[in-house]
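J.: Listed here are the chains, written in short residue letters.
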Amino acid sequence: MKSPFEHLDKVLEHSIRLQIISVLVVNDTYDFNSLKEIVGISDGALASHIKALEKEKYITVLKSFVGKKPNTKYKVTERGRTIFKKHLDGLEQLIKQQRLK
Amino acid sequence: MKDKEDYEKDLASIRKMMERSVKFISLSGLSGVLAGIYALAGSAYGYYTLYYAQPNFENYGTTNQDQRGLILQLEIVAVLVLLFSLGTGLILSARKAKKLGVTVWNATSKQLLNDLLIPLCSGGLVVIVLLTKEYFSLAVPMCLIFYGLALIQSSRNTYDEIKYLGFTEIILGLVSALLPNYGLIFSALGFGVMHIIYGAVMYFRYEN
Chain A
1 MKSPFEHLDK VLEHSIRLQI ISVLVVNDTY DFNSLKEIVG ISDGALASHI KALEKEKYIT
61 VLKSFVGKKP NTKYKVTERG RTIFKKHLDG LEQLIKQQRL K
Chain B
102 MKDKEDYEKD LASIRKMMER SVKFISLSGL SGVLAGIYAL AGSAYGYYTL YYAQPNFENY
162 GTTNQDQRGL ILQLEIVAVL VLLFSLGTGL ILSARKAKKL GVTVWNATSK QLLNDLLIPL
222 CSGGLVVIVL LTKEYFSLAV PMCLIFYGLA LIQSSRNTYD EIKYLGFTEI ILGLVSALLP
282 NYGLIFSALG FGVMHIIYGA VMYFRYEN
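So the protein lines, in turn, are chains A and B. All the letters of the first sequence, read from the start, carry residue numbers 1 to 101 under our numbering. All the letters of the second sequence, read from the start, carry residue numbers 102 to 309 under our numbering.
It is worth saying that the hints were derived from the structure and are not from the lab. Every value quoted in this text rests on a predicted model; they were computed, and no experiment measured them. Fair warning: there could be bad hints in the mix.
[To be verified] Calculated lysine to any residue pairs in the SDA-like style (CA-CA distance at most 25 Å, straight line):
#1 Lys57(A) x Asn71(A)
#2 Lys10(A) x Ser114(B)
#3 Lys117(B) x Ile95(A)
#4 Lys73(A) x Ser256(B)
#5 Lys197(B) x Ile41(A)
#6 Lys96(A) x Lys124(B)
#7 Lys124(B) x Asp28(A)
#8 Lys105(B) x Thr82(A)
#9 Lys68(A) x Lys117(B)
#10 Lys10(A) x Asp107(B)
#11 Lys10(A) x Ala113(B)
#12 Lys124(B) x Gly190(B)
#13 Lys36(A) x Thr204(B)
#14 Lys124(B) x Phe32(A)
Construct the entire structure; sequences and hints are all you get.
T.: In structure tokens, the structure reads:
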């Protein structure tokens, strides 16, 4: 049997990134400020985690304007969704295994 | 390596993020109760003007003009009830959001408003058309049915109770369409009694 650790994803090991991806998986798009509010961290920290997820192509950035104000939204990619699901399976299996011990 | 507790914490935070980002949790149950009370007051006023202040309403004694005036009066009362209910809902939701430490105007509430307004405005226009064509008996059933559809549509972004309230409104609307002479009673039931019941349930479930 495959080890459940193989499902776990290094990038998503970090709990803030996991939270960001969780929000994006259940919402079509989500904007920066709403994301900041729900995760509850500073602008800078959120921006750096978003950059990390973007670099791995887990999420894409949609830039538009509302009037003259820039409005940045994020969307999960198919790749991000698949890796998130695998990661979730891995977590589930690990917890089940440890319960049996 | 992380241990079991960390993994469980991860799972719990995923669930929390998913729920909180999809649900507009600032919706206030109390505002539902108050909206219900306004609707009951409005219906009572309508009932009084139709059946007591104008005892001859259904007789030939009343002129067409009297009827027009009465119907206009009822329409104004309905619009006032709607405005007061919306105002109360906004104020109380803003207050609850402040207490929960979140903003009212976020991605979730925008989505909710979008889902709510499309069926609601379509319904509003249908009702205006019906009223101008003098199909008065269909106005209340249409209001109830479109309101129910709007609630079901927007329920994915808020508490599940809203969906059941939506189904209840649609059923009441359909029954009311079958019994055209009881429009006032059905609007009192649908907009008054149901809001009070569901508002109270939500208040005791989520705000205490």
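J.: Next step is simple, just say for each hint if it's right about the structure.
T.: Hint check results:
Only pairs whose Cα atoms come within 25 Å are accepted, and Lys57(A) paired with Asn71(A) is accepted, the gap being roughly 20 Å. Taking the CA atoms of Lys10(A) and Ser114(B), the gap is near 17 Å; set against the 25 Å cutoff, the hint holds. Between Lys117(B) and Ile95(A) the CA atoms are separated by roughly 18 Å; this keeps the pair inside 25 Å, and the hint holds. Using a Cα cut-off of 25 Å, the hinted pair Lys73(A) and Ser256(B) holds, with the two alpha carbons roughly 23 Å apart.
Between Lys197(B) and Ile41(A) the alpha-carbon distance is near 22 Å, which keeps this suggested pair within the 25 Å criterion. Proposed proximity of Lys96(A) and Lys124(B) is contradicted: the alpha carbons are some 29 Å apart, above 25 Å. Restraint check for Lys124(B) and Asp28(A): the C-alpha separation of about 14 Å stays at or below 25 Å, so the hint holds. For a cut-off of 25 Å, the pair hint linking Lys105(B) to Thr82(A) stands: about 23 Å separates their Cα positions.
Note on Lys68(A) and Lys117(B): the hinted pairing is violated, with a Cα-Cα distance of about 34 Å set against a maximum of 25 Å. Distance check on the hinted pair: Lys10(A) and Asp107(B) sit about 15 Å apart at the alpha-carbon level, within 25 Å; holds. Taking the CA atoms of Lys10(A) and Ala113(B), the gap is near 19 Å; set against the 25 Å cutoff, the hint holds. Distance restraint check for Lys124(B) and Gly190(B): the Cα-Cα separation of roughly 16 Å lies within the 25 Å cut-off, and the hinted pair is therefore satisfied.
For the hint pairing Lys36(A) with Thr204(B), the CA-to-CA distance comes to about 11 Å; that is within 25 Å, so the pair holds. A threshold of 25 Å between alpha carbons decides the hint, and for Lys124(B) with Phe32(A) the separation of about 18 Å falls inside it, so the pair holds.
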